[in-house]
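Going down the list, the protein sequences come from chains L and R.
Using the numbering used here, the final residue of the first sequence is 232, and nothing's skipped along the way.
Using the numbering used here, the final residue of the second sequence is 232, and nothing's skipped along the way.
Simulated from the structure, these hints should not be mistaken for laboratory data.
Careful, some of the hints might be misleading.
If chains are identical, the list can't say which one is meant, so a pair holds when it fits in one copy or spans any two.
DMTMM-like, lysine to aspartate or glutamate: derived pairs with alpha carbons at most 20 Å apart [claimed, not checked]: (1) Lys164 with Asp228; (2) Lys93 with Glu159; (3) Lys38 with Glu219; (4) Lys145 with Asp228.
Okay, here's what each chain looks like letter by letter:
2 protein chains.
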Amino acid sequence: MSEKPPNPGKNVLIVYAHQEPKSMNGSLKNAAVDVLSKMGCRVTISDLYAMNFNAAATRNDIKGDLCNPQHFCYGVETMEAFKKGCLCEDILKEQNKIHDADLVIFQFPLYWFSFPAIMKGWIDRCFVQGFAFDTPGCYETGLLKGKRALLSFTTGGTEHMFSKEGIRGDIRYLLWPIQHGIMQFCGFEVLAPQISYAPEHVSEERRKEMLNNWTQRLENIWHENPIDCTPP
Amino acid sequence: MSEKPPNPGKNVLIVYAHQEPKSMNGSLKNAAVDVLSKMGCRVTISDLYAMNFNAAATRNDIKGDLCNPQHFCYGVETMEAFKKGCLCEDILKEQNKIHDADLVIFQFPLYWFSFPAIMKGWIDRCFVQGFAFDTPGCYETGLLKGKRALLSFTTGGTEHMFSKEGIRGDIRYLLWPIQHGIMQFCGFEVLAPQISYAPEHVSEERRKEMLNNWTQRLENIWHENPIDCTPP
Numbered sequence: 001m002s003e004k005p006p007n008p009g010k011n012v013l014i015v016y017a018h019q020e021p022k023s024m025n026g027s028l029k030n031a032a033v034d035v036l037s038k039m040g041c042r043v044t045i046s047d048l049y050a051m052n053f054n055a056a057a058t059r060n061d062i063k064g065d066l067c068n069p070q071h072f073c074y075g076v077e078t079m080e081a082f083k084k085g086c087l088c089e090d091i092l093k094e095q096n097k098i099h100d101a102d103l104v105i106f107q108f109p110l111y112w113f114s115f116p117a118i119m120k121g122w123i124d125r126c127f128v129q130g131f132a133f134d135t136p137g138c139y140e141t142g143l144l145k146g147k148r149a150l151l152s153f154t155t156g157g158t159e160h161m162f163s164k165e166g167i168r169g170d171i172r173y174l175l176w177p178i179q180h181g182i183m184q185f186c187g188f189e190v191l192a193p194q195i196s197y198a199p200e201h202v203s204e205e206r207r208k209e210m211l212n213n214w215t216q217r218l219e220n221i222w223h224e225n226p227i228d229c230t231p232p
Numbered sequence: 001m002s003e004k005p006p007n008p009g010k011n012v013l014i015v016y017a018h019q020e021p022k023s024m025n026g027s028l029k030n031a032a033v034d035v036l037s038k039m040g041c042r043v044t045i046s047d048l049y050a051m052n053f054n055a056a057a058t059r060n061d062i063k064g065d066l067c068n069p070q071h072f073c074y075g076v077e078t079m080e081a082f083k084k085g086c087l088c089e090d091i092l093k094e095q096n097k098i099h100d101a102d103l104v105i106f107q108f109p110l111y112w113f114s115f116p117a118i119m120k121g122w123i124d125r126c127f128v129q130g131f132a133f134d135t136p137g138c139y140e141t142g143l144l145k146g147k148r149a150l151l152s153f154t155t156g157g158t159e160h161m162f163s164k165e166g167i168r169g170d171i172r173y174l175l176w177p178i179q180h181g182i183m184q185f186c187g188f189e190v191l192a193p194q195i196s197y198a199p200e201h202v203s204e205e206r207r208k209e210m211l212n213n214w215t216q217r218l219e220n221i222w223h224e225n226p227i228d229c230t231p232p
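Here chain L stands alone, though its shape is the one from the complex (with noise of 0.2 Å):
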């Protein structure tokens, strides 16, 4: 029996979607970069709009034949070519990066209340079934249990904006989806969001403050309990 070492390297994927390396986004993941590398961690990045990520979930996604080519259905169609090692390569790409993953880190901007369409579409395409989750395989046996995923994104709106008073409501409405629908779902532990409120809205020292906090946060994040994700 080999002895493991006394403080084993994690793996961290950083799902990047900004256009812009010089925005709050960029910044952000920078610093994610910088720290968890300091850290002894091995960080991989899918900069998604770089990669020219392509979002839509069709035909193409598959390799050689298809199982009914008469009455083509995407989700029976990947799981199959998931088995079968049949999926096109930037999808198998982005699954083994999710494989090695101990902690997924989504760093985006909000987009309509959710994740910018090339965003989406990483999900989509990449949480195939068989892969991410299978029946059984969901909730607390979903497929990917044992790793952990966070949500770090800008918002336009101001956190009062997001409050239970505010005309945009409760933000924890419009993480429920996504972080019980689609984390939780696929057997991910949710560590609590990282929510940068209206950074093109605030000034300098504020911006410097949020990736203060992002970078701290960050160097105890292997002692965080994963939260609950009820809506209020």
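Following the hints, position chain R against chain L.
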């Protein structure tokens, strides 16, 4: 002063996202086209997969020079491009369809508690500031005021799964960010969603019933009142 025709035709835009024409979503779309056409409505379809609609919000959405090429901000650049008539052709075409529509129907399979990415991309790219909303110019004063929106979607899970007691939670939670955060934000009046639960797991007879329910509802669609979208 010219007299208005007694029964002016209404314009309906169906934004449709399914890869397979023979799918339940395809049938629901076709049924809507049939009944609405018979009623004298002018129906326009945006068949997103057939159009190979680009989902990603990128610099290519702006023709010509950027306002700030040193620091690309998608929201600001598309707002300015809209004002100057410099948005790319595929966005302009869709915006014209939206402009002409009295009712926009979104027909799609629920992917991960939300739109398929290709449809999310349609929203991300078409609902540009200055066209769909502005500051001020949202909610009651949203720029798409006077139009109606209706989500018609199929699910993988059963109706019980999406109930208060069900594993996926009350479906109104996932509807809130879409119906309030997108549709009502832009000024749309929201009609009740048409939810066809788990068509792949029911009998052919039940599927026909779902299609009939949809066509019968559409026959009276212009008499419907908008709903309140508040989550439970």
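Kindly indicate which numbered hints from before are broken by the structure, ordering the numbers from low to high. 2
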